[in-house]
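Peer 1: Same order as they appear, the protein sequences are chains U and C. So in our numbering, spot 242 of the first sequence is number 287, and the numbers just go up one at a time. So in our numbering, spot 263 of the second sequence is number 537, and the numbers just go up one at a time.
Bear in mind the hints are in silico, worked out from the structure with no lab data behind them.
Simulated pairs of lysine-lysine, DSS-like, Cα-Cα distance not exceeding 25 Å:
1. LYS192(U) - LYS269(U)
2. LYS344(C) - LYS429(U)
3. LYS344(C) - LYS370(U)
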Amino acid sequence: MDVSELFQQPAGMAYFDSAATSLTCTPALEKMQEYYRDYRANIHRGAHRLTLKASDEYESVYGKLAHFFQADAQEFTAVRNTTEAVNAVALGLEWSKGDEVIVTDIEHHSNLLPWLRLKKQGVLVRILESDAEGRLSPEKLVSVISKKTRLVSFTACSNVLGGTIPITDLASTAKKAGALVFVDAAQYVGHHPVSLKQWPVDFLAFSGHKSFGPTGIGVLFHRKNVDLSPWFVGGGTVRDVSLSDYNLLKHRERFEAGTPPIAEWLGLGAALDVINQIGYSVIQSHDQKLIAAMLRVFQESPHVTLFGSNQAEEKAGAIFPFSVKNVPHHQAAVMLDQLGFACRSGHHCAIPLTKKLGVPGTVRASLHVYNTEEQVTRFGEALKTLAALS
Amino acid sequence: MVLCFVALFVFAVLGIFSAKYRALAGEAFDCVIRTATFRPCESKLDERLKATILVHVITFSPSMAGSLNKHFRFISFFFTALFFASMFYTAYASYNYAVYGHCDGPQGTGFCPFDLVFGDNTPDEVIPIIPGVGPVRGSGEIVLVEVGCFTCPYTKQTQPALKEFLSRHPEISLEFRVLPLPAHENSLDAAKASFCALEQNNYWAYHDALFELNDRSPESLIAVARKMGMDESAFRSCMGNEQTAQRVQLDKDAATTAGVYGTPTFFLNGIVMVGPQTLQQFEDALAGNPSNQNVPPGSCPPPPSVS
Numbered sequence: 046m047d048v049s050e051l052f053q054q055p056a057g058m059a060y061f062d063s064a065a066t067s068l069t070c071t072p073a074l075e076k077m078q079e080y081y082r083d084y085r086a087n088i089h090r091g092a093h094r095l096t097l098k099a100s101d102e103y104e105s106v107y108g109k110l111a112h113f114f115q116a117d118a119q120e121f122t123a124v125r126n127t128t129e130a131v132n133a134v135a136l137g138l139e140w141s142k143g144d145e146v147i148v149t150d151i152e153h154h155s156n157l158l159p160w161l162r163l164k165k166q167g168v169l170v171r172i173l174e175s176d177a178e179g180r181l182s183p184e185k186l187v188s189v190i191s192k193k194t195r196l197v198s199f200t201a202c203s204n205v206l207g208g209t210i211p212i213t214d215l216a217s218t219a220k221k222a223g224a225l226v227f228v229d230a231a232q233y234v235g236h237h238p239v240s241l242k243q244w245p246v247d248f249l250a251f252s253g254h255k256s257f258g259p260t261g262i263g264v265l266f267h268r269k270n271v272d273l274s275p276w277f278v279g280g281g282t283v284r285d286v287s288l289s290d291y292n293l294l295k296h297r298e299r300f301e302a303g304t305p306p307i308a309e310w311l312g313l314g315a316a317l318d319v320i321n322q323i324g325y326s327v328i329q330s331h332d333q334k335l336i337a338a339m340l341r342v343f344q345e346s347p348h349v350t351l352f353g354s355n356q357a358e359e360k361a362g363a364i365f366p367f368s369v370k371n372v373p374h375h376q377a378a379v380m381l382d383q384l385g386f387a388c389r390s391g392h393h394c395a396i397p398l399t400k401k402l403g404v405p406g407t408v409r410a411s412l413h414v415y416n417t418e419e420q421v422t423r424f425g426e427a428l429k430t431l432a433a434l435s
Numbered sequence: 275m276v277l278c279f280v281a282l283f284v285f286a287v288l289g290i291f292s293a294k295y296r297a298l299a300g301e302a303f304d305c306v307i308r309t310a311t312f313r314p315c316e317s318k319l320d321e322r323l324k325a326t327i328l329v330h331v332i333t334f335s336p337s338m339a340g341s342l343n344k345h346f347r348f349i350s351f352f353f354t355a356l357f358f359a360s361m362f363y364t365a366y367a368s369y370n371y372a373v374y375g376h377c378d379g380p381q382g383t384g385f386c387p388f389d390l391v392f393g394d395n396t397p398d399e400v401i402p403i404i405p406g407v408g409p410v411r412g413s414g415e416i417v418l419v420e421v422g423c424f425t426c427p428y429t430k431q432t433q434p435a436l437k438e439f440l441s442r443h444p445e446i447s448l449e450f451r452v453l454p455l456p457a458h459e460n461s462l463d464a465a466k467a468s469f470c471a472l473e474q475n476n477y478w479a480y481h482d483a484l485f486e487l488n489d490r491s492p493e494s495l496i497a498v499a500r501k502m503g504m505d506e507s508a509f510r511s512c513m514g515n516e517q518t519a520q521r522v523q524l525d526k527d528a529a530t531t532a533g534v535y536g537t538p539t540f541f542l543n544g545i546v547m548v549g550p551q552t553l554q555q556f557e558d559a560l561a562g563n564p565s566n567q568n569v570p571p572g573s574c575p576p577p578p579s580v581s
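The whole structure should be built from the sequences, with the hints applied where relevant.
Peer 2: Structure follows, in structure tokens:
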């Protein structure tokens with residue numbers, strides 16, 4: 046199928062910043078417009094046909110999620126983004142003094158700060174260290190985990206390095222030790238299938254805007270058998286209310302206080318449809334082509350240092366952090382912009398990892414299914430142009 | 275990075291017209307503060323500026339871009355210093371233009387860019403001064419009127435050619451009207467002294483001597499008069515006399531009314547000649563073929579107002 050018909054590419058520029066936010070697919074945009082144009086009404090709030098239509102459309106996305114991730118529709122909650130999901134779990138679990146949380150040293154700040162904040166409650170945060178190229182190993186986790194470990198949280202794909210993570214091995218190791226497992230799948234869902242039926246995880250989160258959907262919407266999956274208190278309460282979360290008490294609804298309804306971002310939720314549903322329409326096999330195959338082409342480009346650019354693994358089989362995402370000799374990362378990114386490439390520069394919300402890499406920041410090129418090998422070739426030429434500054 | 279200093283000024287000026295540049299000026303200001311306190315520029319404006327410059331250079335000369343990237347700190351420091359030096363001289367020239375009417379100050383004669391913006395200080399037309407008021411050298415019927423200043427180097431420069439012209443043409447007499455320029459030190463004293471010499475019937479000898487003096491302080495002027503045999507007491511009294519000052523003012527008013535915009539200015543047969551003249555130019559004017567009625571390469575400009 047022609048993927049290019051599903052995305053509006055930015056004019057005059059190759060978009061290499063998908064790890065920050067992917068392009069929004071046209072069906073998602075059309076779905077949001079359809080809602081605002083044809084049945085704009087609040088959900089679950091009335092009897093007229095518009096609200097019924099909006100409610101049906103809204104509820105159907107839970108069904109899509111259930112099918113997409115092979116889980117129960119009641120186990121998905123609409124959140125703003127992955128960051129909110131991590132915070133929701135950190136705030137929603139009951140913690141005891143002495144509990145331990147394990148996170149890795151390659152995490153996005155959003156999967157680190159919410160846990161570090163628990164230190165005030167007496168929770169100890171322990172770090173699962175990666176190797177020099179960002180690899181995580183279940184064996185190391187065994188050495189860090191203990192009976193006090195309440196939760197292990199890790200990314201399914203680093204937003205900086207893009208390396209492959211042994212997700213199920215890590216999760217299994219954690220489960221064997223009796224810990225809960227949280228997976229940050231923000232960089233993963235757009236590229237790889239997730240089976241929550243098979244993955245031994247308790248929580249998983251991703252953002253719509255990194256998976257062809259709109260901004261402002263994300264998903265938190267949490268298993269029904271794990272107690273989680275709502276981080277917000279209010280309209281839409283209660284069965285009954287008196288002036289002195291309230292009785293919350295069960296399952297996901299209790300977590301979605303107030304009017305949700307309806308259009309964005311429907312847009313997310315459309316984005317999931319697009320992923321299904323393209324097919325993960327196509328996405329993964331295309332990713333591998335792009336990864337191989339990008340690695341060739343970096344191999345042919347001696348003035349460029351690529352961080353993380355340079356082996357295609359170790360890449361879960363087409364994410365390439367690099368630096369250009371004698372060119373500060375931000376300067377390099379601005380120059381690449383002028384040369385027609387949208388890349389990100391800085392620490393990519395992962396300061397501990399950037400420090401570990403021993404650089405003040407990197408330029409990050411991150412590609413997706415809508416990028417082409419021709420763009421990668423041109424990117425190689427742009428890097429050669431920057432070689433003059435080395 | 276020191277380039278932020280330049281960026282701050284440029285963006286601040288552009289920010290007067292555009293909010294976009296106001297935001298950039300804010301970033302530049304932050305960058306300047308941080309640079310001044312030896313901290314990295316958080317807004318990365320410095321790197322954006324550098325990248326924007328380099329990406330343009332690299333497209334036509336990669337080697338130049340490489341060299342520029344390598345020595346950017348030094349080059350930006352150089353250009354920043356150049357910028358501030360330029361700003362200083364622009365301010366200095368502005369001051370000169372406001373006070374003396376020329377970028378280069380009281381002795382300025384060359385091209386002044388402000389003239390392009392504000393127009394030069396030359397009036398559209400100089401009206402010939404009617405002779406019959408000032409001291410006259412010679413007895414010729416045709417009167418050549420000269421408006422000059424004893425401290426103006428161009429008035430002095432013209433004297434040899436002028437004397438040669440007068441000696442060749444006895445039919446021409448010279449009437450000198452003085453226009454002391456405030457910017458020239460002791461020019462007013464010299465002008466007064468010339469009229470005091472006139473009082474003692476020794477005008478032209480004293481007139482010629484004035485051009486040769488280096489020191490035109492009142493005491494020096496009196497000393498010269500004494501050496502030339504004039505009554506020192508009367509000369510000294512004349513110098514402080516209100517009537518003498520009025521006599522000078524009479525000439526200044528005449529020059530202003532005529533629209534004289536530089537010394538020396540000559541009027542001959544209805545032809546106006548501004549600036550130092552050659553013998554040939556005098557001859558041409560006499561023949562009715564003015565060769566130079568525009569601003570010459572050298573003349574002493576009066577301030578915006580000579581009154």
